[in-house]
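Visitor: Place chain B on chain A using the hints.
These protein sequence lines are chains A and B, in that order. Counted the way the UniProt record's numbering counts, the first sequence spans residues 1 to 352. Counted the way the UniProt record's numbering counts, the second sequence spans residues 1 to 352.
Rather than coming from a laboratory, the hints here were simulated on the basis of the structure. Wrong hints could be hidden among the right ones.
Since copy identity is lost for identical chains, a pair holds within one copy or between any two.
Derived EDC-like pairs: lysine to aspartate or glutamate, alpha-carbon spacing no greater than 20 angstroms straight-line [said to hold, decoys possible]:
(1) 289 - 164
(2) 174 - 337
(3) 174 - 262
(4) 289 - 340
(5) 319 - 250
(6) 289 - 262
(7) 243 - 172
(8) 296 - 158
Number of protein chains: 2
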Amino acid sequence: MAASSVRCQGVVQVPGHSLFSVPYQRCNLRLRTKISYQGCSLEDSRATGIRIGRGIQAPSVSTESVSVLDALTVVNENEYIGYGCLLDDNTFRERFVIRFSEVSTRGRISLETLASLLQEAATNHVLKMEYGFSPGKNMNGNITVTTRMHIEVDKYPEWRDLVEIDTWFQPEGKNSVRRDWIVKNVRTGESIAFATSTWVLMNSQTRRLCKMTEDLWQELEPHMRSPAKWAMSEERRQESSTKIPKLGEEAALRIEGVVASERDCDMNQHVNNVRYLSWMIETVPEEVKRSHEVSKITIEYRQEANQEECVDIVADIEKTENIDTKHFTHLTKKSSDGKEINRGRTVWRPSQ
Amino acid sequence: MAASSVRCQGVVQVPGHSLFSVPYQRCNLRLRTKISYQGCSLEDSRATGIRIGRGIQAPSVSTESVSVLDALTVVNENEYIGYGCLLDDNTFRERFVIRFSEVSTRGRISLETLASLLQEAATNHVLKMEYGFSPGKNMNGNITVTTRMHIEVDKYPEWRDLVEIDTWFQPEGKNSVRRDWIVKNVRTGESIAFATSTWVLMNSQTRRLCKMTEDLWQELEPHMRSPAKWAMSEERRQESSTKIPKLGEEAALRIEGVVASERDCDMNQHVNNVRYLSWMIETVPEEVKRSHEVSKITIEYRQEANQEECVDIVADIEKTENIDTKHFTHLTKKSSDGKEINRGRTVWRPSQ
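Bound conformation, chain A alone (with noise of 0.2 angstroms):
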């Protein structure tokens, strides 16, 4: 029957409701078709019957009426929160097409612009499993902090090119979480970056860390990546595991007295995440950055900063064996008292 040959899942909208405005009760319609979408393999599932936000029931549709479209309207479900599908491994996968905007002079985009596509894949795959709306139910007030980031990018994507971002999470010991993130250019069909995260509870009032119980961990259970893998090989984890020293007063490169701005925060009223890894490049000298681009970068994260909050961020080279590429270790502190905020490495090769 050709109407069997079609298959898509979306939510349906009757004209005169707005879906938007219900989007717990949105509804489903699945039908089987060859129609793929953001290259995800969609839920293999039959027509169910149409559940419709408000109340409204439908009349139920089987694969052999699909005329009851003709009344609707199809938009699909993931059109409000990003574009992202969740696969059957619990891998999350969205695709970003590189902006005008994302690049520079050089027509690629940088660094920190990967890393936000990397911080808003994991934050829609949050708000895919529903947490960004009711946060667990065993997460007792706590939030979920990271304490360390390495990102090693083989190859930047340039302007237009579609990138494919798959990312999971999985445990990593007995109180944290590991998040890992493939980046793929879908032009060249090249896996062209690859990042790792760890992430551990916080007691929001205290601001201390705290241990993850066994509800939590079951409740999450059902969202980790099964089976567990890791995005970057063996070596490439050992070869980034070199402890980061933590610079003193010689530091030779230092910005002093920088205060976060509202532009440097996001909705949590910290300094975002991504904005230090600006910070750390920016201590780096302009010659170093117009003939070498960063090829890796690790931070440690020891503490947030708040918005207002004044800042030194310092760097020094490191001495290495290989001529090629270009070595910092970086300090991000408060200027009030010094303490640590994060430190971290960046590795420069020549631009390609």
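Guide: Using the frame of chain A, we list chain B on its own:
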């Protein structure tokens, strides 16, 4: 016949053949269906057969033989140059989901981010016309530059809002083109922002403005919006056309000696138009920015600033009878000779 109720437009990808490497030869598959995409009215065509990149000619497809799709993957045609589409009246429509990284602590986007999305839609419109790939044959090596931009924002979109940007262009006098934009919040259905800009032709060698030829007008004509339309009401247009005075040495708000970095510039090697708006806003006192938001901005571009150019950005508050809003006059000039780069005006209302 059930299959005839299927309608889509896409790029057909044959396993083993990368369509992304042959964008000009990309093949079209058109079938009639009720599945809409991005709210656009897609071309109402019948199946016309499949032309495939790299010279492969697949068997033609009729609406009765959808089964040929089994061997193929349909990838949306818009997927790698943004998600916009052209409507019948030559309006270009593109939708953007407001990203986490695009909102500040207030949970809403900034004027600069909105301006950046307007620029993105305009750029993708030009690409869609294939002007980006092969500049108009009657351009004679000239380029288009903008001389004025005016934006009014009634309501800033929030995180996760889906905004729909409509943009089009049409003649403005004998030697310039006007590009307009309307921004709609899809969630609320409201039109939330309006913008207009003027574009002229410049000789890319001498950097002097030049006249548009009859041949060029004829070449552009099929891409102009028909019927002509203003994004802004007569009242808004009149109110925004007040002359902007040139600030002198007495301007109270000054940021001097700013060096345009690589990150301030775009692929044209000049400071990006949106960056000038950021610079204007930076001069406004923090206490105004904390309690107010930009409702209107006008900028008149006089000349370009290059990478590593040193500029002075000055502003002063205007006396107005309106006690609710604050008006500022702005001027950006070269530090070396004081020559004007652009001037502008911002109107600030209490934050909503």
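Visitor: For every hint, state whether the structure bears it out.
Guide: The hints, checked one at a time:
1. 289 - 164: neither (27 angstroms within a copy, 37 angstroms between copies)
2. 174 - 337: neither (33 angstroms within a copy, 64 angstroms between copies)
3. 174 - 262: neither (36 angstroms within a copy, 44 angstroms between copies)
4. 289 - 340: So residue 289 and residue 340 fail the 20 angstroms test inside a copy (25 angstroms) and across (30 angstroms) alike.
5. 319 - 250: within (15 angstroms within a copy, 51 angstroms between copies)
6. 289 - 262: Classified as between: cross-chain Cα gap 10 angstroms, same-chain 27 angstroms, threshold 20 angstroms.
7. 243 - 172: Result: close within a single copy only, 19 angstroms intra versus 62 angstroms inter.
8. 296 - 158: within (18 angstroms within a copy, 33 angstroms between copies)
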